[in-house]
Amino acid sequence: MSRQSLPWIAALVLALAVSCVLAGAAYWRGTGPGAPLQEPMHYVDQYRYPRAWTRTQLAPGLPDPTLFAALYGPNAVGQQFRSCCDNLALMRVWLGGAAGQQVAFSLRTSPDRADTIAWAAIQLVRDGYHDFTFPPLPDSAGQIYYLFFEAPEAGTDEAVALRVLPGDRVGGVPLLNEFTAAGNLNFAAYHRGRPGGWLLDALAEQVLPRTFAARLRQYKPGFFKGGTFAGLLVAMAVGTFIWLLVAWPGERRLAWRRGVIGLAVGAFGLGILVAAATEVVAWPRHATVTSPGPAQAMINNDGSALVYDLLLSLYPAEKEPERRFFSTTWAEVHGRRLPCIAAPPNSTLSYGLRLPPEARLQLGVTLEAVGEWRRFEVGIAGGDTLFRCELRGPEEMLAVVDLSDYGGQDVRLLLRTVGREGDTSPGLWCVPQVESARSWLLPFPLSADVNVQQQRAAFGDALELLGYRLETPQSMPGGQVKLTLYWHARQRVSIDYTVFVHLLDEAGEMRSQRDSQPVGGAYPMTIWSPENVILDHYLVPLDGDAPSGRYRLAIGLYDLATMQRLPAFDSAGRRLEGDRLLLETPLKSTLP
Amino acid sequence: MNDATAILNQSNKVPTWCRTHLGLVLLLLLTLLNGLLWSAATPLWQGPDEDGHFAATQFIAEHLRLPGHADGFRADELVLAADLADTGKLHNHPELRQAFGDGEAGPREAELRALDPARRTSYAIGAPGKLNHTSPLYYMLGALVYRLVYDADLQGRVFAVRLFSVALTGLMVLVSYFLAADVLPGRRDVALTVAAWVSFQPMLSFVGSVVNNDILLNLIATAAIWALVRMWRHGITGRRAIALGLALGLGMLTKPLIAGLALPVAWVFVREWWRRRGGRRRVVLLGLLALIVALALCGWWLVRSFDLNDGELYMNEVKKGYRVITEPVFDYRGHPWQHAVDYWASIVGGVWSSYWAAFGWLDTPAAPAYYRIVDTVMLLGILGLVVYSFWLIRCRAWVETGMTFLLVLVVLSPVVMMHVYDYTYWIEYGVGRGLQGRYFFGQMAALFVLLLTGLLTLLPRQWHGAGHLGLRIAMVAANFYCLLWAFLPRYYL
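In order, the protein sequences belong to chains A and B.
So that you can map any letter, position 217 of the first sequence is 217 in my numbering, and since no number is skipped, the others follow by simple counting.
So that you can map any letter, position 293 of the second sequence is 1293 in my numbering, and since no number is skipped, the others follow by simple counting.
Among the hints, erroneous ones may be present.
Claimed, not checked - In silico EDC-like pairs for lysine to aspartate or glutamate, Cα to Cα no more than 16 Å straight-line:
1) A/225 <-> B/1104
2) B/1089 <-> B/1375
3) A/225 <-> B/1153
Hints are computed from structural coordinates only; laboratory data are not their basis.
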């Protein structure tokens, strides 16, 4: 082998290797009008002159765009997205946490576990992108899918972190269990290319994802409607290649063919380097053979469930001082690495929340700066301070703040970081999350040992009442009736209906009433899953002057926007009069 | 040609006419194509102060006169367009990005196209046209282009003026080639690589493809530096003095930043005065000739600016409170040393970053690795330049040594002068000017000649051809990277 032939052989080997890698992957990144594509972006310091403006001067600068959602225990974190193309075959998501932790993926056609079409479990190796592969879905173009993650073995103090991009207009909505939050999980969807056309598909999509291609047509002069930008891009690439050849530098005797092959090798090499650096080419690193998973109840009545993740919601939160002073980071708390909000001294974060019953805020606070002092406070706007602790750095603590007094209420939750004048280092709020005990949820179907008065009735096509439990006062009149309704959604509903409970006397006159959205408005019907039974409590007061006689309860549902009642049917399918279910009660007034 | 140049030239045979010139022509075409891509990718008003620059252009085109005292507002059409296209100023906040629809047209694009033409000359909204009273040459030329497409809708007119900027970028690439060819005569590869770097430098590609007077200043400043280089190498003649005066006068008519070349201009004339012992009077007269030509071109504007802005150089932006930076966190008055430390820290850190990539309203940077690569290449280039300078001195190649010093002065002079200017601003107005890398693009060709010379010095001679190829590919890759993986995701995701 002569020295002259070495470049040829090297070029051939490299070209073959690159082809094999591309052929083996044969994926391309799909984009579309949902949120199938998310690219991490890079931020350096803002334009801050006249103070020294350097890249190392990170704080107070722009917030780190990276937010996190913490995942642990029985919770599921997911996101809806629309597949732009057929053959959806790979999802890539950023995960962080301790090595060895188990994370389960599931791909569903609805938020319900029963609609799982593929699932897999992986062990975390390191912080970074992890791949979830499954057999290609041939007709996935335009379909809505839900990608869910669970880390059942992780505790709250060793949560797995999902990276979140803050509220964007691409339309993504993360799901914390059934609850929605602003933002987008940082993930990308990949599709297998068309047979025979994968290379062109992949190249076109990697270079100019179709999200860009579509949006680059809008708010442009007529010339740029259509595929003009893509055409110009191709012309630019080809023209540059020709120019590099025509303007070949150096001595004339350099062989053209050596130049061509050198350029080709260089382009391939550069392409692969760029692809590897930007993770454009998707070669699976945690490939997993998957199959449809068994439907399981997602309720764990022994534990609490995640309702709000304050770290994930950092962007929409109100901030004092301005938002650029807040960022996110990681911190060691009790030996565990946790994602945190970094808040400057003398700052306040304010979240508007509707708190569920039996809610609690769990969090960690830490101060890393040696010798500094901070006070961390949690309170309700216009109300009490619920939690206060003082730390002298370096110090840390984990805490649980009881919010049950505010169940069902719209509140502004305040996280205050108080420091001394001249202090600069941030106080860290680690994994601040609102949880709820969720005693109002049971798995469907109800087990036999649940003490409930069976009374089936259907409301509309989707909702049904399975039964009720009634606790009446010892003496009449006065007191109040405690009624618990056991609701079930046969399928998803699109309207948050309101429940009415009327107490009727013997003549049919209404003596008392309670109208409310289920669970005090904290668990709207639109997020009800067919997997669950929802316990809905009402206290119906009895007037002191209630006349004697037997009393009945009338129960039904109506749409608050139109005040129209939902059609009601008994267990035999007969329409109920007045679209209400009448329950006999053991109440009987003793007044003359 | 001295010994040093001869030694350097031995390593690179001059390529044929065909390859060099065809390469240059192709490069110019690519520059235009590249500018077209960046123009299309940049949403309305996202160039630096683009709405203000277009407002001044539009005013001249619509009224066929320069804005006077009472004309301090943007036309209502521009304010409404920002609302309809959802692009007032796309801040670094994901919630504040442009809204898109599903089809070919944006959600309110039809309304944007149907804006009443009377809005072009109505100022009822009263939005400040903060650049209406700045140096007008770019706007006057842009107004000619505007008139050519007068009947087009706003997007068409903006895009036409953007294309005018792209054409100016092409001219800058051409002048950069000639400048480099005169600095290192006989080394056409270097000239072509410098031209390619200017053509594909990502931040220049961006600034050179939006409505902005910087690009005309860059072209004129490059031409002025070329004139200085020719004076240095071939001596000052009447024609060269007139050429320099033309460049400086037109530059002053475009943006006062051209004054940053005052030190190198003075240096060239002082050196000539020192050399020409028998003809010093002639040198002084040629200097006066250049000054007269420059003043003949821009004198009327200095007078007008004094009337409009209470200063011969534009600064009513500060007086009227339009400054972008209004909340300095440190008062430098009385602290010149602290100001100097922070100023140069800004230059080395942030301004250097924004020289290479900080798109939009300076809030769309590239990945940190990109800047690390740039920093590394820069440091290597400086190291090589030091070695090259020692080598020139050892060879007693005084003309080349002086040329290198001249280019260093060209690059550093505006930075030093801005330092002084900024501190005087503090003393007078209580705020700083604020700096961006694009202010120094006029010196880009000179910087790249120095950088390239330094890098090639570090390479063995037989690798120079490969070095040129690698450096050209690197800048092309930087351009594609910035467009596709930094700029588009920022605005279109």
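Here is what the structure says about each hint:
Restraint check for residue 225 of chain A and residue 1104 of chain B: satisfied, since their Cα atoms lie roughly 6 Å apart, inside the 16 Å limit. For the hint linking residue 1089 of chain B to residue 1375 of chain B, the alpha-carbon distance of about 30 Å lies beyond 16 Å, and the restraint is violated. For the hint linking residue 225 of chain A to residue 1153 of chain B, the alpha-carbon distance of about 15 Å falls within 16 Å, and the restraint holds.
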